[in-house]
Amino acid sequence: MPDWRGYVRERLPAISCPPEREAEIIEEVAQQLQDVYASALRTGASREEAELRAAAEVPDWRALARDLQIAEQPMLAAPRSVAVHRLEPAMHRFRADLRLLELLRDARLSVRGLMASPLFALTAVMTFALGIGATTVVFSLVHSVLLSPLPYREPDRLTFVQQVIPEIADRVPILGVNPRSFTSWERGCRATCEQMAALVTSRSTLTGLGEPEGLIGAKISPGLFDVLGITPMLGRSFGQDEDAPGRNGVAIIDHGFWQRRLGGDPGVIGRVLMLDGVQVEIDHDALPVDIAYVTRYPHMQ
Amino acid sequence: MTKRQARGARRLEVLQGTLDLMVLQVLDTIGPQHGYGIARRIEQVSGDILKLNEGTVYTALVRLQHALWISTSWGVSENNRKAKFYTITAAGRRQLAREVDSWDRLAGVIARLRTLEQP
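Sequences listed follow chains R and U, in order. Under our numbering, the first residue of the first sequence carries the number 344, and numbering increases by one thereafter. Under our numbering, the first residue of the second sequence carries the number 323, and numbering increases by one thereafter.
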């Protein structure tokens, strides 16, 4: 004799109702199929024919589940009878509870639905994962670029100064500040700012220390480290007159370069590097924060 | 089989909403009955014109239970098997009376239309 309960359980799509009620429904449907089967056998049908006849009693399991779902939730359907009208005051009282129950049923139904089609579930999860990932990346960028403060002393008081000449602004919107302007601004800025420093990024080639390497650095005016509030780990910052013409080239290197190319040598102060074929003495060392590698050439005007 | 199919082709689908009425009527006439028995009884009375399947009948039974028009109990069927028996309630009888009344009126309207509006 076929296991009609298993047969129904396998075919009937999930109905959102308490599990014990669902078990009851399965039991009762199985009961009726069983009756059809048994009666077919009594009237002389073969086992196969009896099974076919019982199976034909539910031609569409989805439709059955849908109809049962509606029948199971008379409170959600429009009131159709005196009995339901009588229930209505109680219904209002328990509406909140009902909502919550419905939510739980829906959640359970969704989980079952997802487990029933793992490929779809996987696709959905991947979509979420990608979406969350992309959002995180964008937020991280926006956070570090736009939102988080610069890693310097009193970052809210730092201002980046550029030069705009209205007459040529349509062709060259922003100009770097030329050294002459800078020296005059630096002298005359006391009223508006505490200190001013200049910086020009530069590329140079390091030789004479194993593999040659292209380095990105900057030419700076002596006051930059004061403005940014950075103190070197070793050695000293540039002195006030060290940008005067004719002074020997000195460089400040960052912590990463110190560790990577110089092996973290504690006696690094005074060593000489060849940058673009010019000897530069390491005067100071190891910026505490990992900002760009900084070099200084003697002839900053 | 071919005979069965030929007959099946002429069988009627149950009109939406009339199955509840039929089930109530059967339970009112023959007393407590299980699902299978109800379906066979309706088919038998209809002279096998109606085509019912157990799924449809079961859905109607669930609906009627929730409306409190029938009650259920476990019992033993004629061939000695455990089965769920359905019994019409007092509310179910009142509902049956109302539905029969409106059905009769509707049938009367259709009958009159058929006689008066014939070309």
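In case anyone wonders, no lab produced these hints; they're calculated from the structure. Warning: the hint list may mix true and false statements.
Unchecked claim - Straight-line C-alpha distance at most 20 Å; calculated EDC-like pairs for lysine to aspartate or glutamate:
| id | chain 1 | residue 1 | chain 2 | residue 2 |
| --- | --- | --- | --- | --- |
| 1 | U | LYS373 | R | ASP403 |
| 2 | U | LYS404 | R | ASP346 |
| 3 | U | LYS373 | R | GLU394 |
| 4 | U | LYS404 | R | GLU585 |
| 5 | R | LYS562 | R | ASP608 |
| 6 | U | LYS406 | R | ASP346 |
| 7 | U | LYS404 | R | ASP403 |
| 8 | R | LYS562 | R | GLU624 |
| 9 | R | LYS562 | R | GLU585 |
| 10 | U | LYS406 | R | GLU529 |
| 11 | U | LYS406 | U | ASP370 |
| 12 | U | LYS406 | R | GLU585 |
| 13 | U | LYS404 | R | GLU370 |
Stated by the list, open to error - Here are a few chain R residues that face chain U, going by a calculated C-beta distance under 7 Å:
| id | residue |
| --- | --- |
| 14 | GLU363 |
| 15 | GLU365 |
| 16 | ILE369 |
| 17 | GLU371 |
| 18 | GLN412 |
| 19 | MET617 |
This structure is a prediction, so every number in the text was calculated from the model and none was measured. Note that beta-carbon positions come from the ideal geometry of N, C-alpha and C, so glycine has one too.
(request) Report holds or violated for the interface hint on GLU371(R), using the least CB-CB distance to chain U and a cut-off of 7 Å. (result) 5 Å, holds
(message) Against the 20 Å threshold, does the CA-CA distance of LYS562(R) and GLU624(R) hold or violate the hint?
(response) 15 Å, holds
(message) Can you confirm whether the C-alpha distance between LYS562(R) and ASP608(R) stays at or below 20 Å?
(response) 24 Å, violated
(request) Take the C-alpha atoms of LYS406(U) and ASP346(R), compute the straight-line distance between them, and say whether it is at most 20 Å. (result) It holds: about 18 Å lies between the C-alpha atoms, which stays within 20 Å.
(request) Assess, step by step, whether the Cα of LYS373(U) is no farther than 20 Å from the Cα of GLU394(R), and give holds or violated. (result) Satisfied, since the Cα-Cα distance of roughly 18 Å is no more than 20 Å.
(request) Mind checking the alpha carbons of LYS404(U) and ASP403(R) for me, to see if they're no more than 20 Å apart? (result) 26 Å, violated
(request) Quickly compare the C-alpha distance for LYS562(R) and GLU585(R) to 20 Å and report which way the hint goes. (result) 12 Å, holds
(message) Would the hint linking LYS404(U) and GLU370(R) be met if the CA-CA limit is 20 Å?
(response) 11 Å, holds
(request) Decide if the proposed pair is consistent with the structure: LYS406(U) and ASP370(U), CA atoms, cutoff 20 Å inclusive. (result) Status violated; Cα separation ~24 Å.
(message) Using the nearest Cβ pair, does GLU363(R) come within less than 7 Å of chain U?
(response) 15 Å, violated
(request) Double-check GLU365(R) for me: the hint is only fine if its C-beta lies closer than 7 Å to a C-beta in chain U. (result) 12 Å, violated
(request) Using Cβ atoms only, decide whether GLN412(R) comes closer than 7 Å to chain U, and label the hint accordingly. (result) 10 Å, violated
The structure shown violates the earlier hints numbered 4, 5, 7, 10, 11, 12, 14, 15, 16, 18 and 19.
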